[in-house]
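Turn these sequences into a full structure, and let the hints steer you where they fit.
Protein chains in written order, with full-length UniProt numbering: chain H, 1 to 405; chain X, 1 to 252; chain Y, 1 to 317.
Hints were generated in silico from the structure; no laboratory data involved. Treat each hint with caution, since some may be false.
Okay, derived cross-link-like pairs now, EDC-like style, lysine to aspartate or glutamate, Cα gap no bigger than 20 Å in a straight line [stated by the list, open to error]: (1) Lys90(X) x Asp181(Y); (2) Lys86(X) x Glu180(Y); (3) Lys52(X) x Glu182(Y); (4) Lys90(X) x Glu164(Y); (5) Lys89(X) x Glu183(Y); (6) Lys306(Y) x Asp144(X); (7) Lys72(X) x Glu182(Y); (8) Lys391(H) x Glu403(H); (9) Lys251(H) x Glu265(H); (10) Lys305(H) x Asp396(H).
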Amino acid sequence: MFKKKIFITMLVMLFLSLTVSGVFAQETVKIGTLMPLTGGLASYGQFTRNGTLLAQKIINEQGGLLGGKELELVNVDTQTNPQAGVDGAQKLVSVNGINAIVGALSSGVTIPVAESVAVPGETVLISPSSTSPVLTTLEDNGYVFRTVPSDSLQGVVAGNLAADLNNDKLAIIYVNNDYGQGLNDAVIEQFEKRGGEVTASIAFEPNKVSYRSELMEAASENPDALLLIAYTDDGGITIIRQALENGYFNKFIFTDGLKAPEITEGVEQYLEGMYGTAPTSMPGGNGPELFTELYEEEFGEIPPKPYIDTSFDATFVLALAIEKAGSTEGPAIRDAINEVLAEDGMVVNINEWNKAKDLIAAGEKIRYEGASGPVIFNDVGDSMGAIGIWKIEDGDIVNESVEIQ
Amino acid sequence: MLKVESAVKEFSGFRAVDECSFEVEKNTITGLIGPNGAGKTTMFNLIAGSLKLDQGEVYFSEQKVNNFAPHKIARLGLARTFQIPKTLKKMTVLENLMLVPSGQSGENIWNSWFRGSKVDSEEKENEAKAYQTLEFLELEHLSDEMAVNLSGGQKKLLELGRALMAEPELILLDEPGAGVNPTLLNKIAENIIKLKERGKTILLIEHNMDLIMNICDRVIVMNDGKHLVEGTPAEIKTNPKVLEAYLGEKTA
Amino acid sequence: MTLAGIFSYLVFFLIFVGIYAIMTLALNIQRGFAGLFNIGIAGFWAVGAYTSAIMTKAPSPDHLGGFGMPFVIGLLAAGIVASILALVVGIPTIRLREDYLGIATIGIAEIIRLVIKNEAWLSNGVRGISAIPKPLAGVFGSNYNLFFLLIVIIVIAIFYYLSEKGINSPWGRVLRAIREDEEVVKAAGKNVVRYRMEAFILGAFMMGVGGALYAHFTSFISPEAFRPMQATFLVWIMLIIGGSANNFGSIIGAFLTWGIWTGTEFLTGMLPAAYTTQAAAVRVILIGIFLEVILLSRPQGLFGEKKYSSKSTANSK
Chain H
1 MFKKKIFITM LVMLFLSLTV SGVFAQETVK IGTLMPLTGG LASYGQFTRN
51 GTLLAQKIIN EQGGLLGGKE LELVNVDTQT NPQAGVDGAQ KLVSVNGINA
101 IVGALSSGVT IPVAESVAVP GETVLISPSS TSPVLTTLED NGYVFRTVPS
151 DSLQGVVAGN LAADLNNDKL AIIYVNNDYG QGLNDAVIEQ FEKRGGEVTA
201 SIAFEPNKVS YRSELMEAAS ENPDALLLIA YTDDGGITII RQALENGYFN
251 KFIFTDGLKA PEITEGVEQY LEGMYGTAPT SMPGGNGPEL FTELYEEEFG
301 EIPPKPYIDT SFDATFVLAL AIEKAGSTEG PAIRDAINEV LAEDGMVVNI
351 NEWNKAKDLI AAGEKIRYEG ASGPVIFNDV GDSMGAIGIW KIEDGDIVNE
401 SVEIQ
Chain X
1 MLKVESAVKE FSGFRAVDEC SFEVEKNTIT GLIGPNGAGK TTMFNLIAGS
51 LKLDQGEVYF SEQKVNNFAP HKIARLGLAR TFQIPKTLKK MTVLENLMLV
101 PSGQSGENIW NSWFRGSKVD SEEKENEAKA YQTLEFLELE HLSDEMAVNL
151 SGGQKKLLEL GRALMAEPEL ILLDEPGAGV NPTLLNKIAE NIIKLKERGK
201 TILLIEHNMD LIMNICDRVI VMNDGKHLVE GTPAEIKTNP KVLEAYLGEK
251 TA
Chain Y
1 MTLAGIFSYL VFFLIFVGIY AIMTLALNIQ RGFAGLFNIG IAGFWAVGAY
51 TSAIMTKAPS PDHLGGFGMP FVIGLLAAGI VASILALVVG IPTIRLREDY
101 LGIATIGIAE IIRLVIKNEA WLSNGVRGIS AIPKPLAGVF GSNYNLFFLL
151 IVIIVIAIFY YLSEKGINSP WGRVLRAIRE DEEVVKAAGK NVVRYRMEAF
201 ILGAFMMGVG GALYAHFTSF ISPEAFRPMQ ATFLVWIMLI IGGSANNFGS
251 IIGAFLTWGI WTGTEFLTGM LPAAYTTQAA AVRVILIGIF LEVILLSRPQ
301 GLFGEKKYSS KSTANSK
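See below:
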């Protein structure tokens, strides 16, 4: 019977795929990565994944961890979707026996992973990019960290930037998701604190063909500038084009999702001199420069996309904690993170894994000068944040200055 | 039993039924004849509620049933068959029949779930009744056959069987003899007469004049959507208007 | 990789399969038995998930409620609210041709998603609802998922039983007859609209309960979870793979489809790390190939349509 055959074949394939992956496993230390390689954030996941691979390379080149074992990274594709992400995370924890995970990118995946897999599975989860304020207040038994600051920090800087650029009236268009909402709220609060007036705050749905009605509404009270909270691939570029084409706005302020060279293509002269914000490295140390250098050695030119450096840092911090804990058990790693990191510890750069191991062996605390700047977690596992201000010059994106919050 | 008053039905300007009126007496067999396109099947659909009247009235058992939904008219005791037999193809002959009786408590899903014994005993009665009907039609050997596998004539009988299962007062039969071999036709004719003996009222559309002449008490002739003449079979046979309508010639 | 680890993933995997199986059983009642074209499953899923979350959570300033009700009440409420939604959608559309119902259900699912996104007082908007309680959390320790799987299996068993019993009853006979020929059923005095509506509501109830189980299992829901791809079309694929109008096929379809969806990850995971990005794309292609193979070799689904008959008929010979 044909159907029986197929059925059996499929079962066998499933089973094989389960077991084969086990046969090749050697004595390694595993860290999981939950990156979206398909779905809405696929264009980010590809590069954040590179960030984690770079950390793995440095660590393994310098003798691995836990007494010479290799670091192995196991990635599962979240498909930018909570159902698949949660399933993937559980796979990492149960099948691969992993208790330390870097990911996920979007908060809509990170939070369910934290609640249904990481926390009950006693697994440390460090997100390199989930900026939702919800993560701050999550009841996570201390298992959930992030190497980016909460959205509210960028909002404060963006609000200040808008005021500093001599705008009295500001219109905001934001992507209707967790990220957009959080930023929008923070910008309004800060801009009004600085005496400005927000004339419109409009949420937009991603991937529409036309945003003219949103733009018309935003421009209705003659604001000085448009603060646009969007991603490049969800409609942000369309909004910029249509705003310019129809003359709704000629002055823009952008946020991190638009810190990408695509936004200026073909409209360089109109966007020349515009400013934007993006979470960035804490100043001090030369982590970011070093990271760029190492990244370009390994993968070629570093794309101007966010969260590559924070993904590197999340991986490195987990390795530090595993080394400190001397174990790959979740609770031990969780406790070790705050034991090993200290603002006033001994400086370790991103290419100094050997030095880090020695310091840990000597019982010293470490000030990790990470790829995104020094990584220090507050008591709820949020990273202290630095927000960079960037500018468009000659059609390119140039970093201007950094604000620390 | 059934009264139609000045019924009108238009299809985009064309009057398929045009001011047509007639009555059917209780416990009779009435034939509805007329040339093709006279509006007979349309009239059936108006009576059974499958089509909505544009004008006029339909009374069934003294009750005005204009534009009732088909299932409501059916519940008042009117059953019908279709010109081209409609069967529930992928269901058994028995199921085709057991579907029909109204007021089955198992038709309420709640009862099906939680009042199994009551539903089961009703189903047994229903099944027995379906077998009786099959016996009456001499189809009992086909009870577990899928309806799709029946011959054309057997499908006609099955239609009749479904009409019987409803225990109707009035049965509308649309060309019960069409495409049926002479042996089966006799059987169908016998069955129709037996139904009358049981007190049913029958209105049938038929082109087979022998059948009409043999079994009908009265015959109504329709032409161009209108009621043309009406009378006993013998009267109709000799009526020049009828001949004219069928031959389509203007002799006057 | 330990045996215990594989077992614990298997449990987790089966919970997801189970939730999808509930959705597929529900769709089978609507589509397989009653021929109703519901392509807004995501909407009923979301309504069930949010209803139960709001009913069972501790009071929160972020959204409506919560009302701190027990888990079982949450599940029932989820089913009831989803049923009411089905009634409201069904009243104007269910008597129309089936494609209109399809359009209406797409529309309603999108409206629901937008309401959830934008009506923050109700649903905390795009930030979602977190900390949805798990029933008897803490009692079972590290075996908790096994307990949750048991709950899911019980729900499936109940729905499977009710669905089988329903379709084999006179009620199911009318539904099957409607799918064969509506006119005949009307001529037999049955209210066709009523039966369709009942099947639609029954399916919606099950979808609501499935949504609630999803919410309690992941403890967090946001509009992101109710995208058409994972919440509607995947369920359709499961139904088609398993075989429409076959309850058992629906469950197997859910198992196989979710197995392929996630199992391909293991296959592509064996490729070297440098090919991760390509592997993800290969995985999507593999999923397509698997499904294609099944559909080409078994166009009617793995199990095809089951022969259902009302009970006493089956016993009579």
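Quick rundown of the hints versus the structure:
1. Lys90(X) x Asp181(Y): Cα-Cα ~10 Å, so holds.
2. Lys86(X) x Glu180(Y): With Cα atoms ~9 Å apart, Lys86(X) and Glu180(Y) stay inside 20 Å; holds.
3. Lys52(X) x Glu182(Y): holds, 17 Å
4. Lys90(X) x Glu164(Y): holds, 18 Å
5. Lys89(X) x Glu183(Y): Satisfied, since the Cα-Cα distance of roughly 13 Å is no more than 20 Å.
6. Lys306(Y) x Asp144(X): holds, 16 Å
7. Lys72(X) x Glu182(Y): holds, 14 Å
8. Lys391(H) x Glu403(H): holds, 14 Å
9. Lys251(H) x Glu265(H): Roughly 17 Å separates the two Cα atoms, so the pair holds.
10. Lys305(H) x Asp396(H): Distance of about 13 Å is within 20 Å: holds.
Hint check: no violations occur; every hint is consistent with the structure.
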